[in-house]
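A.B. asks: Sequence:
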Amino acid sequence: MSSNLLDDRLEDILETVLETTTDDLLVVNPSEETLESFIDVMTGFEGDAPTVRLLAEERTLKDVMDDFLVASNAADLIDTDLLTLRTGESPSNSLLLTDDDVIALVDAGTRVGGLIADDDEFVEAATDTYEGRWDAADEYSLRTPPISKVRQSLSEDISPEAEDDFSNILDSLETARGDGDGLDEVTISLLVAAKNEALLYDISKWGEDVGIASKATFSRTKTKLEDMGLIDTEKVPIDVGRPRLRLKLGDERLQGADNGQLASVAQSILN
Numbered sequence: 001m002s003s004n005l006l007d008d009r010l011e012d013i014l015e016t017v018l019e020t021t022t023d024d025l026l027v028v029n030p031s032e033e034t035l036e037s038f039i040d041v042m043t044g045f046e047g048d049a050p051t052v053r054l055l056a057e058e059r060t061l062k063d064v065m066d067d068f069l070v071a072s073n074a075a076d077l078i079d080t081d082l083l084t085l086r087t088g089e090s091p092s093n094s095l096l097l098t099d100d101d102v103i104a105l106v107d108a109g110t111r112v113g114g115l116i117a118d119d120d121e122f123v124e125a126a127t128d129t130y131e132g133r134w135d136a137a138d139e140y141s142l143r144t145p146p147i148s149k150v151r152q153s154l155s156e157d158i159s160p161e162a163e164d165d166f167s168n169i170l171d172s173l174e175t176a177r178g179d180g181d182g183l184d185e186v187t188i189s190l191l192v193a194a195k196n197e198a199l200l201y202d203i204s205k206w207g208e209d210v211g212i213a214s215k216a217t218f219s220r221t222k223t224k225l226e227d228m229g230l231i232d233t234e235k236v237p238i239d240v241g242r243p244r245l246r247l248k249l250g251d252e253r254l255q256g257a258d259n260g261q262l263a264s265v266a267q268s269i270l271n
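Each residue of the sequence shown is one higher than the one before, counting from 1 in the numbering used here.
Incorrect hints may appear among the rest.
[Said to hold, decoys possible] Restraint-style ranges between C-beta atoms, simulated for each label pair: (1) Ala108 to Arg59: 19 to 29 Å; (2) Asp12 to Asp48: 44 to 54 Å; (3) Asp8 to Val236: 38 to 48 Å; (4) Asn93 to Asp40: 18 to 28 Å; (5) Ser155 to Glu19: 26 to 36 Å.
[What the hints assert, rightly or not] In silico DSBU-like links for lysine-lysine, alpha-carbon gap of 30 Å or less: (6) Lys215 to Lys205; (7) Lys62 to Lys205; (8) Lys224 to Lys235; (9) Lys149 to Lys62; (10) Lys205 to Lys149; (11) Lys224 to Lys149; (12) Lys62 to Lys248; (13) Lys205 to Lys224; (14) Lys215 to Lys149; (15) Lys248 to Lys149; (16) Lys62 to Lys215; (17) Lys248 to Lys224; (18) Lys248 to Lys215; (19) Lys248 to Lys205; (20) Lys235 to Lys248; (21) Lys215 to Lys235; (22) Lys205 to Lys235.
Because the hints were derived from the structure by calculation, they are not lab data.
None of the values given here were measured: they were computed from a predicted structure.
Just so it is clear, CB atoms sit at the ideal spot from N, CA and C, and this is done for glycine as well.
Model the full structure from these sequences, guided by the hints.
C.D. replies: See the structure below:
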């Protein structure tokens with residue numbers, strides 16, 4: 001790239017960098033917004049994306065990856081060897097390093113700029129510096145399962161209808177943190193199970209097997225949702241052992257809601 005990248009949207013700059021980088025891209029000290037945008041752009045990128053190594057502050061990674069929507073997409077990218085995350089010492093500014101350029105991301109309020117330095121000696125010096133920091137950095141262990149694995153296993157273990165509902169609810173949300181701004185992944189799973197009248201045993205076993213949360217977490221969340229009237233349960237006898245619980249939507253507002261409305265209605269009740 002020979003000229004600076006100036007745009008209204010950070011996503012457009014990041015997409016341009018991905019389109020023009022053919023091999024390896026080192027991302028250094030991204031802000032939370034840049035990290036979220038990068039995962040989003042990489043997830044929807046239709047070309048041959050370069051492999052991306054991302055070095056960030058541990059606190060930044062933890063805060064961003066608390067959002068299931070972001071973390072599960074990042075896990076997909078890691079699973080396909082397109083993305084590697086590490087934590088370590090970072091500079092004060094956000095940088096993108098390709099084989100030929102060093103790009104500094106600058107937030108100018110209503111616009112975003114990617115200021116490019118392509119002097120060979122400078123690029124070589126910057127690359128040596130940050131390759132050294134990358135080598136000394138610790139690998140970041142992302143515990144969230146890949147979203148593709150979540151969807152496939154939900155379809156197989158519960159039902160294709162449940163997977164459709166799960167995906168549609170995720171698509172209707174801007175965040176999935178469970179902090180008041182979005183439902184968390186366990187609550188979403190239980191609402192989907194209740195909408196499809198699945199057994200608590202089946203959805204909690206699926207959630208633990210796929211890596212979303214433990215059976216105990218599913219049980220505690222079920223109790224909370226039941227106490228608040230969002231879901232109901234009924235006992236289903238089995239041949240041997242204690243009856244199992246079938247989940248159903250409890251609140252009438254949830255029973256008449258489509259998937260997009262289901263998320264917003266549930267949030268309003270929980271808040």
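A.B. asks: Would you mind marking each hint as holding or not holding in the structure?
C.D. replies: Verification of the hints:
Between Ala108 and Arg59 the beta carbon distance is about 25 Å. The supplied range of 19 to 29 Å therefore holds. Remark: the range hint 44 to 54 Å for Asp12 to Asp48 is contradicted by a beta-carbon distance near 19 Å. Range check, Asp8 to Val236: Cβ separation about 55 Å, and the 38 to 48 Å hint is violated. Restraint check, Asn93 to Asp40: a C-beta distance of roughly 22 Å satisfies the suggested window 18 to 28 Å.
At about 33 Å, the beta-carbon gap between Ser155 and Glu19 stays in the expected band of 26 to 36 Å. For the given pair, Lys215 sits about 6 Å from Lys205 by alpha-carbon distance, which is consistent with the 30 Å threshold. At most 30 Å may separate the alpha-carbon atoms for a hinted pair to count; Lys62 and Lys205 meet this at roughly 26 Å. Restraint check: the Cα-Cα separation between Lys224 and Lys235 comes to about 18 Å, which is no more than 30 Å; the hinted pair holds.
Of the pairs offered as hints, the one joining Lys149 and Lys62 holds, with about 22 Å between alpha carbons and a cut-off of 30 Å not exceeded. About 15 Å separates the Cα atoms of Lys205 and Lys149, which keeps this hinted pair within 30 Å; it holds. Distance restraint check for Lys224 and Lys149: the Cα-Cα separation of roughly 27 Å lies within the 30 Å cut-off, and the hinted pair is therefore satisfied. This hinted pair does not check out: Lys62 and Lys248 have alpha carbons roughly 34 Å apart, beyond 30 Å.
For a cut-off of 30 Å, the pair hint linking Lys205 to Lys224 stands: about 19 Å separates their Cα positions. Distance restraint check for Lys215 and Lys149: the Cα-Cα separation of roughly 18 Å lies within the 30 Å cut-off, and the hinted pair is therefore satisfied. For the hint pairing Lys248 with Lys149, the CA-to-CA distance comes to about 25 Å; that is within 30 Å, so the pair holds. Simply put, Lys62 and Lys215 have alpha-carbon atoms about 23 Å apart, close enough for the 30 Å limit, and the pair holds.
Distance hint between Lys248 and Lys224 is fulfilled; the C-alpha atoms sit about 14 Å from each other, no more than 30 Å. The suggested pairing of Lys248 with Lys215 holds, with an alpha-carbon distance near 18 Å, which does not exceed 30 Å. Taken as a hint, the Lys248 and Lys205 pair is honoured in the structure, with Cα atoms around 18 Å apart against an allowance of 30 Å. For the hint pairing Lys235 with Lys248, the CA-to-CA distance comes to about 11 Å; that is within 30 Å, so the pair holds.
A C-alpha spacing of about 18 Å is found between Lys215 and Lys235, which places the hinted pair at or below 30 Å, so the restraint holds. Between Lys205 and Lys235, the direct Cα distance comes to roughly 18 Å. Compliance with the 30 Å bound is thereby established for this hinted pair.
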